[in-house]
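Engineer: Spelled out, the chains give:
Protein chains: 2
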Amino acid sequence: MSLNAEIISVGSELLLGQICNTNAQFLSKELAMLGVNVYHHTAVGDNPTRMKTIFEQASDRSNLIICTGGLGPTQDDVTKETLAQILNTELTTNEVALHNITTFFKRANRIMTENNRKQALVIEGSHVFANNHGMAPGMAYKHNDKLYILLPGPPKELQPMFLDEVKPYLQKQGIISHFILSRVLRFYGIGESQLETDLHDIIENQNNPSIATLASSGEVALRLTAKAETEQEANRILDQKEKIILERTGKYFYGYDATSLPLEVSKLLEQNNLQLACAESLTGGLFSQLLTQISGAGSIFNGGIISYTNEVKEQVLHIPREILTSEGAISSICAEKMAEHVREIMDADIGISFTGVAGPSKSEDKEVGTVFIGISIKDQETVIYPLNLIGSRDSIRKNTANYGFYYLLKHLKKGE
Amino acid sequence: MSLNAEIISVGSELLLGQICNTNAQFLSKELAMLGVNVYHHTAVGDNPTRMKTIFEQASDRSNLIICTGGLGPTQDDVTKETLAQILNTELTTNEVALHNITTFFKRANRIMTENNRKQALVIEGSHVFANNHGMAPGMAYKHNDKLYILLPGPPKELQPMFLDEVKPYLQKQGIISHFILSRVLRFYGIGESQLETDLHDIIENQNNPSIATLASSGEVALRLTAKAETEQEANRILDQKEKIILERTGKYFYGYDATSLPLEVSKLLEQNNLQLACAESLTGGLFSQLLTQISGAGSIFNGGIISYTNEVKEQVLHIPREILTSEGAISSICAEKMAEHVREIMDADIGISFTGVAGPSKSEDKEVGTVFIGISIKDQETVIYPLNLIGSRDSIRKNTANYGFYYLLKHLKKGE
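Chains as they are written, first to last, in our numbering: chain A, 1 to 416; chain B, 1 to 416.
Don't take every hint at face value.
Pairs count within a copy or across copies, as identical chains cannot be separated in the list.
Mimicking DSS-like on lysine-lysine, the simulated pairs with C-alpha atoms at most 25 Å apart in a straight line are [unchecked claim]:
id	residue 1	residue 2
1	Lys362	Lys267
2	Lys413	Lys267
3	Lys251	Lys146
4	Lys413	Lys241
5	Lys172	Lys29
If you are wondering where the hints come from, they were derived from the structure by calculation, not from laboratory data.
Please take these sequences and the hints and turn them into a complete structure.
Structural biologist: Laid out in structure tokens, this is it:
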């Protein structure tokens, strides 16, 4: 069956702009990965007349209709009632769902009001999807070669229900026959357009796996998605394409899937039993904050000094006054001393420093975006990375911190 | 004219789940504030046949139809062409828009390809909205008592165009007759449910102004929206309600509209010519990072010491070893010494310190969420604020930093 899918989202909170329709986005993305074409999104309120028209229009043009929301206990929630009426069928109590709901109330030590029984009603003859993160079950109902799927509105209920139950159901029904596997390759230190230029022919001639570029705050990632008969075959397709991509761009590659630069740095420090300290000027604590977001950072991070003024640079970080007056705080030599001194002061193995101009205006006559990052490792010569960044104050600070993680990673990998 | 509005969003990136339909949310929220009822959202691809059907269905049920996207230069962009065809009218070049587009290319020193002229085409007889943040103009076209409004897809073009041009246009057309004014009151140190309980009767009996509660990372805000014949009258309505609200909850109030705790703290430090220094343990740089996000922080923030390990607390912050071994790092006395010492080390007027357990596991046998914040002011007794926070590691860290700003604000205001 060739699938024309559409998504109907029910809820006045959408029409009032109180929430964004993230359910439609989530389902569309998942369906796209499964090779299912979505041609329409509709949002409508909990109004039976308007909802009925929308269901009828959807039935005329689509054969997979996924509807989210309006399965709750209140009088407002009329999605399944309205659909049952159109399909000329009845609602019936699903005992498993009813049991889940009564258990939920018992556990929460709350009295279950009568209207909650309504949540256990499902369309007669439908396949029921259990709700492991809430009360209202989902359901799938086939009618005249069309498949209707009703899912609860809250994203934290809908998303696991779709991934854990609806997806396997669609596969079992033979609606989706192939195996889909994605892999994200993460890069740093290369722009989106440069990466696309370097891989131009590969991206241009993509087929299986498909290749999508994802970019966010200075970082670029490629999502490869393979379609195959088996998981093994999908993995083989991904491995093959990854090899070709990394032959060209491997020096910017740093990790797979949900990892991040701070996480990769943490892991390597941990593995090598190394302690880090940092001296931050323009980043003002951002680098340390990103590192300490990771739980267990205490074993790899001693601490940092935020030297926002020259007085603190001189008195706390012991940067010689001559350097600050002759070369200035935004200089290669200042970054060098900051990295070395913070390493010594904090008794760490590695010191990293950040000095530069985040903007909005020049400082010490140096242009906005002028940045020096220093990395000092015990018994090694300190290395300085000068950067010229563009963008807002916020993006210059973020990019500076991320470059810090990237250069650290390069250092740590060299040492392996 | 009683308005039934609907929003049509054009773009295959919506149907592939690559972006979320934030335009529909933005427009719905704005229209709700103007008292306009939105009954449908639809998203459809750049496909003339399907788009035509959607326009026809919309024309049957709504009298204000706002369509976003598909006004660009490529062959894919067919929104205005399709609408013109349905309305039996023509497209014509708008000279002002064409001038903007050619100027744009000249400034960017790029060659304007022929297809960009297409962006200057508008529906004949339409009212044109200038695009001050991009190239494609928007337009409004009246036909049989229905008003069609076409807007560009990129949010950074659509949002200012709606606020600066479409809203006044709707008012001028008599479609929106009243004056709408919003004011946001920001609170800290009080939970959303407590605020709602304290203001229960006021929120329950709201009419004009309407009252909406907004909550985000430990902070609560109330948005009051008044409707009146004149701006002066709307302001009077807001003033009156604000007075009643602050009589009950004034001690948690800290600012209006788009302000933030770090911004209010910065302003007060600046006004009082005071310098701050901070010692961070569990927040790991987050407090400093939030403060230095604000440009010009150099004049009120000397710097900070991130003392993530006990060794750094002892050797850099000079916390006596006895304190660390007897009371522990997570203690009132440690917070006190951290605040006092960082103030002295950084030669600041005020020192603030953060120590505690962000989790996920206990530390020093103290529960996750145990936090001490210290504030030391020259020639004054140091004050300690103990907190017991709940939530994830991330939210405990964020709340701790925000409480730091809140307590600082209280101190600074007391001194006024």
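Engineer: Let me make sure I understand: some of the numbered hints might not hold for this structure. Which ones are they, in numerical order?
Structural biologist: Violated hint (a single one): 3; every other hint is consistent with the structure.
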